[in-house]
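J.: Here is what each chain is made of, one letter per residue.
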Amino acid sequence: MITRKALPRRTFLRGAGTSIALPFLDSMVPALASSAGKPPVRMAFVYVPNGMDMRNWNPSYEGPLRELPPILKPLEPYRQDITLLGNLTHNNGRALLDGPGDHGRCCASYLTGVHPRKTFADIKNGISCDQIVANRIGGATRFPSLEVGLEDARQAGDCDSGYSCAYTNNLAWRSETQPLPPVLDPRALFERLFGKGVPMSPEAKHRQAKFRRGILDYVISDTQKLQANLGPTDRRKLDEYLTSIREIERQLERAEQDNAQIDPGMEKPYGVPADFAEHFKLMTSMITVAFQADQTRVLTFLVTREGTSRAYREIGIADGHHPLTHHRNDVATMDKVARINSYHVQQFAEWVGKLKSIQEGDGSILDNSMIVYGAGLADGNRHSHEDLPTLIAGRGGNFIRGGYRRVYRRETPMSNLFLTMMDRMGVNVEDFGDSTGRLQGLDLA
Amino acid sequence: MQSATVPAKPAPATLLDTDMGTSIDDVLALAMLFGLEGTGESRLVAIAVSYPNLKAAVFADSVTRFYTGAGSRLLPIGLASPSPAAPDTPIIKAVLDRRDGQGGPAYASAIHSLNDTAEPHAMLRNALTAQHDQNAIAVCIGPATNLHKLLDLRGAKELIERKVRYLVMMGGSYPASAEPEYNIKTDIPAAKKVFAEWPTPVVVSGAETGNAILFPGACIEKDFTWAEFHPVVDAYRAYQSMPYDTPSWDLTAALYAVRPQENYFKLSAPGAVAVQDDGRTVFTPTTGGRHRYLIVDPAQKDRVIAVYRELVSAKPARPRRVPQPRQQEQPKPPSQVKPPAGQQ
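These protein sequences, in sequence, are chains H and C. Take the first sequence: its position 230, counted from the start at 1, is 230 in the numbering used here, and no numbers get skipped. Take the second sequence: its position 180, counted from the start at 1, is 1180 in the numbering used here, and no numbers get skipped.
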């Protein structure tokens, strides 16, 4: 006989100015098994700029993954959770008679599969695949999609040989003319996720900081009530979840204090850590919580803007990223590019590890996600748009094989991958961008 | 504000769809197209192979690299699905088995597996997107398998209409065929679709045209002495017992495609080609029809043969080279590149 009443999937802990969605708990699974009790599948895109040192990205083999190439080494513990794809091409990132501007084009076309209009005023692109999915299924979550990034980026002006900064600085496009700029400030993302939709005033922020009250303090009453009705496993899950939120708050506070010490008058967005890795971790921690609580199922993450000349002094590289990629085949310079590429993957791998560590249903959040990590250029020196560096972390809910390198025939559109992923998200469209069909061999069948 | 810079219009781009490896005239036609590239009259931008054998793609790549050097700017060689695979042919074997003085392959190729080739319809579509409007010419000298798939792609017909001046096909017999011709018979649905749906003018060269103008085998013995190894020579010698002259079916199509203004052939009145269910072709004159067929002009025959010889035996114009790394040391193998601190 079934007596236990399932906890609604949309349960919130509420308090003054705060609303915290809950992670997927066993208590939410209806006592009778049904598809409604399955964890959601998420689709995410993590984009890194300026191509990749392909010498150190592509393995020399196809089939089951063995030892990973140097850039991918940080993902070694998660080898069975990733799929490496070869030969995917974005033809619409190529010049196609539009002359220079590969950085602008490759970023604009990455998730749209469309050749953007060369302009820095009347921009025109396509609707990105994440937004097609968000439009169809976004109503099931608090946020149809999230767009995040790490580098402050203007939205207007000429960023690449006549291409608007809107092209180089955004991944998600809601319409042909409307990009969705990424959220860069961790505090802004935090308030978006855990506030009630209204940004806190500077006075409120100050008051909160002064009295050192975290958002969990505001929901303590709801928390205690809920805990009393949970089994031990769910209590542990809830505790871990709330602890992670507390930790995010602490990281934010630290970043804000550090910023104030460095330069009280600095223009850096409120709460952005000075350290790249810390910033990456803070943003992905919040995305993790957002995934956990099913606040969104669609994410785009523009790690840094396309064409960036950011230096990576954190790892001893004072040269700008973009100039380095035009290495003229100088091996020492190419190795610096490889180190930057690997540094990015290192941050990504830590996030992958976090997602893998969080149990959800019969697997982990990672198991129920499809996270594409890649770039819109392959060789940043030649600006090549074929064999784009592409990996998928996660299995999309027991859909993707994992632990495998699959190479497709040349000129296979990247859009074919996105079409297949949209299918998996339950959004069936006939074609997308310059697709020629679905990508075969990705699934377990 | 739009700031696209439009470069000057280059020579017309040629997209070749061929069953390379089956008969010698495909090889001769490919050599001719490179000869016409050497004169600056056209640019070969895509080669799609319809003979379903990976080695046919390797063969096409080898010939291409012979003319363009290792750093070919061509898109990859497209290959129709090689499953089930067709057998190797004497032409293919002769070229791929040819060894240089050191015992290595005489002709280089970068194709080692199916993944080194492209899906032909995607490759053809992508090649078209990079051309100026009305500055591309499609040449089909094999079954229309790849063009059929190209037409099935969303937006392809509009793209073709915008970019392609005309299609020149070798296939069928005109004005009517008593027997189905090989290219048509090999993929009848494809031929039907292309004749019915290709959105720009189609000029077709029937078997009778190539039968009437033979490529002279003597050319092979006399005109290629400048090359120690030449894939056209090796292929020609392997195709039949020397000496022999051979019908110039595919050469007629390639030559007309690039030099329509030279009046090497007469043209029929406009009309429509219909493909019967058994592969026979019938041409019906119609006002405003998009199809025409080539007619041999006896007065031009010797001139055409001389042009064949000149273009097919032309030396590679400018072998292209891949820029070499300017490093002083050998590149480290991937495993020796040091990852960032903390990753070892």
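Among the hints, erroneous ones may be present.
Claimed, not checked - Now the in silico label distances, taken between C-beta atoms and shown as ranges:
{"hint": "1", "chain 1": "H", "residue 1": "Gly99", "chain 2": "C", "residue 2": "Leu1114", "range": "41 to 47 Å"}
{"hint": "2", "chain 1": "H", "residue 1": "Asn135", "chain 2": "C", "residue 2": "Pro1189", "range": "37 to 43 Å"}
{"hint": "3", "chain 1": "H", "residue 1": "Gly63", "chain 2": "C", "residue 2": "Asp1152", "range": "37 to 43 Å"}
Claimed, not checked - Keeping only pairs whose Cα atoms sit at most 35 Å apart, straight-line, the calculated DSBU-like set for lysine-lysine is:
{"hint": "4", "chain 1": "H", "residue 1": "Lys124", "chain 2": "C", "residue 2": "Lys1157"}
{"hint": "5", "chain 1": "C", "residue 1": "Lys1266", "chain 2": "C", "residue 2": "Lys1009"}
{"hint": "6", "chain 1": "C", "residue 1": "Lys1315", "chain 2": "C", "residue 2": "Lys1222"}
{"hint": "7", "chain 1": "H", "residue 1": "Lys124", "chain 2": "H", "residue 2": "Lys356"}
{"hint": "8", "chain 1": "C", "residue 1": "Lys1185", "chain 2": "C", "residue 2": "Lys1157"}
{"hint": "9", "chain 1": "C", "residue 1": "Lys1009", "chain 2": "H", "residue 2": "Lys124"}
These are calculated hints, taken from the structure and not from any lab test. Cβ coordinates follow ideal geometry from the N, Cα and C atoms, glycine included.
J.: Hint by hint, which ones does the structure fall short of?
T.: 1, 3, 7
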